[in-house]
Amino acid sequence: MLPWQRGVHVYDVPFFSLPFLIFLALTLIGLGLSVLRAFGGLGFTGMSDAYAWGIWKTFNVMTLTALGSGGFAIGIAAWIFKWERLHLVMRTALLTSFVFYFAGLLALTVDVGRPWNMWHLLFPSHWNPESSLLEVAVCMPLYAMIFLAYENLPPLWERLYVHASDGIRRAMRSVFPVLKWLYPFFVAGAYVLPAMHQSSLGALLLLSGDKLHPLWQSQMLPLLYVIQAGVAGTACVMVTLMAGCLVWRRRLDLTTLGDLGKLMGYISLLFLALRWGDIIARGQLGAAFTSDGFSVLFHVENLSVLVPTLFMLQPKQRRRPRVLFLSAVTAMLGAMMYRFIPTTIAFVPGELKFYFPSALEVLMSAGYVSLTIVLYTAAVKLFAIVPASLEEWYEAVAWARENFRTIRVDSHGKATRD
Amino acid sequence: MSLNRRDALRVLSQGAAGTATLAACGTAQASAKNRPIAPDRDAVGMLYDATICTGCKACVSACTSANGLVPDTVLSNGLWQMPQDLNAQTKNIIKLARGEDTAETSYVKRQCMHCLEPACVSGCPFGALMKRGTDGVVTWDADRCIGCRYCEVACPFEVPKFEWANFNPRIVKCELCSHRLADGGQPACTEVCPTHAVIFGTRSDLLAEAKARIERSPGRYFEDRVYGEKDGGGTQVLYLSGLPFANLGLPTLGEESVAAYGSKVHSVVYKWLALPLTLYVFLTAIIKRRFDSHEDHAQNKAKQTGLPSQL
Ligand code: SF4
Ligand code: SF4
Ligand code: SF4
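Line by line, the protein sequences give chains A and B.
Note that my numbering has the first sequence beginning at 1, numbered continuously upward.
Note that my numbering has the second sequence beginning at 1001, numbered continuously upward.
Among these hints, one or two may not hold up.
[Said to hold, decoys possible] Okay, the calculated bits of chain B under chain A, using three or more residues with CB under 8 Å as the criterion: (1) 1150–1164; (2) 1253–1263; (3) 1287–1300.
Just so you know, the hints here were simulated from the structure itself, not pulled from any lab data.
Each residue gets a CB set at the ideal place from its N, CA and C atoms; glycine is no exception.
Modelling step: build the complete structure from the supplied sequences, incorporating the hints.
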């Protein structure tokens, strides 16, 4: 039997650990500054008319929602390509996706200069259908707040149910079949929508035309962006799972993690083939082999995806925890670079202009990142999300039966009536 | 930028909404307003001849007062208007340009080019920036702008500017003095120009005039051509210059507009997103099947082990 059998909540650690409190503080600072920002302009940021998009858009939205594409990529592998074992990590994937999107949407809201005009979003007749930004603005909240949120319901539902009174349980039982029947409809939407907005994020850069370095500017950007989201999302779930095991001293399941590594390797291969094919087809191979900073950047970015891929395609290497972890981290950084570079470093509006985020801007950005960590760690402590062994499950159930007066479950964790 | 694509995009946007909300969407009116108008009829613009301009900057101050802007006096310590570049207080500027190796200089007037296929309009999510159907002037609507600054990222001429420090920030750019045009007048800058270096007219008239000047004085103008006739898909503000256009800070653009380049992919993307509903139905069918067998399996296992099943 594999070490990981089912989602188990992280029960044996204090809720308010020290790192949690630190991240919570950073989050509160970020959110507090965001509230203050609502009363003033954006003058305190490092953004300018030349670099009109700062790290909130380029990092918190562009880059981190790619990391939040685990639910999308792993979900497709699990549900559509019948990769059964991956269902075990779906809860983690869906949760990481939700927290990244949630924080990204928050950053987007803070970044927008005239938020009071956002109501146009509700009226399709006010949309400019040619705008990729419109597509992102419509698709992203819709996906995160409805489809992805729905996919995340089961753990929440389970916890509510085992604590609920008989009356509430009866009500829950009566709606449950409907919710369950609807589930596949939401899952399907949760694959169509990210495909749309993740590609639109790439399409956004097309209008920047010559301002974007030719190693990145390409008609293939939309497609490359979706595929790279798959690499980033899968890698991020691997890193999250392994870091969790490390922090909470849980056993690693090298078979399941190896499967994730394999999936990541496959997607990366596809990405690299298209990336290089595109460079060659556009006749930019020369630009990739000059001595300027851009070609160095290009190779660093590419190798960060290629090297882990080469490891992840070897079954033997996939069984080594250190290799798995380092590969996932490196590929994740490579994928992040591909998202971040074109919007900032390789984005060169004429003449000598420069963007560096201001301290407050960075602090707010860090706040949104901390928010993802806070939400994630809080959720895994409250709900059965992170995969663990059966022993772990039984211990968690016993612990919960001891500590919660309201909970009514048998020793297997199944809801009981009395 | 054909009608076909517009229709296709309309379907796309409706498909997106359909997938999402299954709600009926209205017709995407914004798209109709965003389309470029026929370039040679009704379109109005300006012709700036850098070889005539004396750099008196009368147009700069006229623009400022005609548009109710506060003069930018930062560089001069509050003494006189001295903008460094187009900015949120400056819709029009005269700059000094230099030739490559010679000491040759020229002035250049910069403002919105009123592109035939404007990138800013193409990207603006709710149609705050619009290309007016009547005369092709690109205008900005405060009630539709969300302040996303995509127009700044998109504009190849780096024209739109944002009021960064303002609580109620506006996008500032030349709107060809549309308020004056509405009263039957002409732009403030063309009206005050003492040498007629910048003149107002329909685009076709201006183009003809520019070509006539080139013909009259061979060798006087760089490449014997009009910048903006085709550059970046064509613009309604046209330039004649003795120095290379690049030296004036006018970007070297192909004949395809950035908007066309960007939307071409949109239409490819549309090819596999035009059918989002089809794709959605297809995926639902697959996932429904998988889901049912997955659940059966999970229920059986739950019965065997006594553990609650997890989705
Ligand atoms: S110059 Fe820039 S702001 Fe003016 S119409 Fe063209 S793209 Fe828009
Ligand atoms: S900042 Fe305003 S005008 Fe510019 S693209 Fe965004 S919504 Fe449109
Ligand atoms: S047309 Fe009006 S707004 Fe535009 S540059 Fe001339 S004076 Fe300024």
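Structure-based check of each hint:
1. Here the region 1150–1164 of chain B counts 11 residues with a CB under 8 Å from a CB of chain A, which clears the bar of 3, and the coverage holds.
2. Interface restraint, the region 1253–1263 of chain B with chain A: holds (6 residues with C-beta to C-beta distance below 8 Å; minimum three).
3. Check on the region 1287–1300 of chain B: 6 of its residues sit with their Cβ under 8 Å from a Cβ of chain A, so the three-residue criterion for coverage holds.
Hint violations for this structure: none, all hints satisfied.
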